[in-house]
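In case you want the letters, here they are:
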Amino acid sequence: GQQVMQIPQYQHVQEGEDFTTYCNSSTTLSNIQWYKQRPGGHPVFLIQLVKSGEVKKQKRLTFQFGEAKKNSSLHITATQTTDVGTYFCSRSRDNYGQNFVFGPGTRLSVLP
Amino acid sequence: DAGVIQSPRHEVTEMGQEVTLRCKPISGHNSLFWYRQTMMRGLELLIYFNNNVPIDDSGMPEDRFSAKMPNASFSTLKIQPSEPRDSAVYFCASALDRSSYNSPLHFGNGTRLTVT
Chain A
1 GQQVMQIPQY QHVQEGEDFT TYCNSSTTLS NIQWYKQRPG GHPVFLIQLV
51 KSGEVKKQKR LTFQFGEAKK NSSLHITATQ TTDVGTYFCS RSRDNYGQNF
101 VFGPGTRLSV LP
Chain B
1 DAGVIQSPRH EVTEMGQEVT LRCKPISGHN SLFWYRQTMM RGLELLIYFN
51 NNVPIDDSGM PEDRFSAKMP NASFSTLKIQ PSEPRDSAVY FCASALDRSS
101 YNSPLHFGNG TRLTVT
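If you read the sequences in order, they're chains A and B. Position 89 (the first sequence) corresponds to 89 in my numbering; numbering is contiguous. Position 51 (the second sequence) corresponds to 51 in my numbering; numbering is contiguous.
Since no wrong hints were added, every one of them can be taken at face value.
No farther apart than 30 angstroms at their CA atoms in a straight line, the calculated lysine-lysine pairs in the DSS-like style are these:
#1 78(B) <-> 24(B)
#2 59(A) <-> 36(A)
#3 36(A) <-> 24(B)
#4 69(A) <-> 51(A)
#5 36(A) <-> 78(B)
#6 36(A) <-> 51(A)
#7 70(A) <-> 51(A)
#8 68(B) <-> 36(A)
#9 36(A) <-> 70(A)
Note that these hints are calculated values from the structure, not bench results. On a predicted model such as this, the values are computed, not experimentally measured, just so you know.
Next up, chain A with everything else stripped away, as it sits in the complex (with noise of 0.2 angstroms):
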């Protein structure tokens, strides 16, 4: 119950094309937070998201909370060769805690 899933799996796009991945939830979350990890490296932190609705961005990549808190999608617009790795959603286990766990992630790869 404490899990979450991410879709797709895998993602290949040209260079300059978008990308977005989503995280789901069966329960209601309290935060998500999401990370990225180039290969071969480790996890980074991107952002995290409190609010229901809420929109961040970063530069090319759109973070946004669905309206009743069970779903998160990342989107990158215009996708750059910088941008591969691989994109994890994270919750807390009992979702007040730090025991965060990940969703199994996405992995993208841009053609040039």
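Given the coordinates of chain A, assemble chain B onto it according to the supplied hints.
Same frame as chain A, now just chain B:
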């Protein structure tokens, strides 16, 4: 500022040997996490400490795994005896736990463990 420091970066050992992974969290962070990453199982939370006390160890696979945090600046994850299925990348992460806010996790570079 130094980030989370893990050692060793790579460890190759034979089945049955004891393995000890080390982590130094970011100074001032009061939460520490051990994760394991494999292709098959993704990123798994093994154990989480808050103020040096283990809070949630439900992810620890079995009794062969143990973790300690003797002080705020050091933690170990020990596997004894190690098995080939323990081969994975083990990440340590730290965070500043404030009751009203879930702060982001800062990950170390990981230890790539290979058990032959």
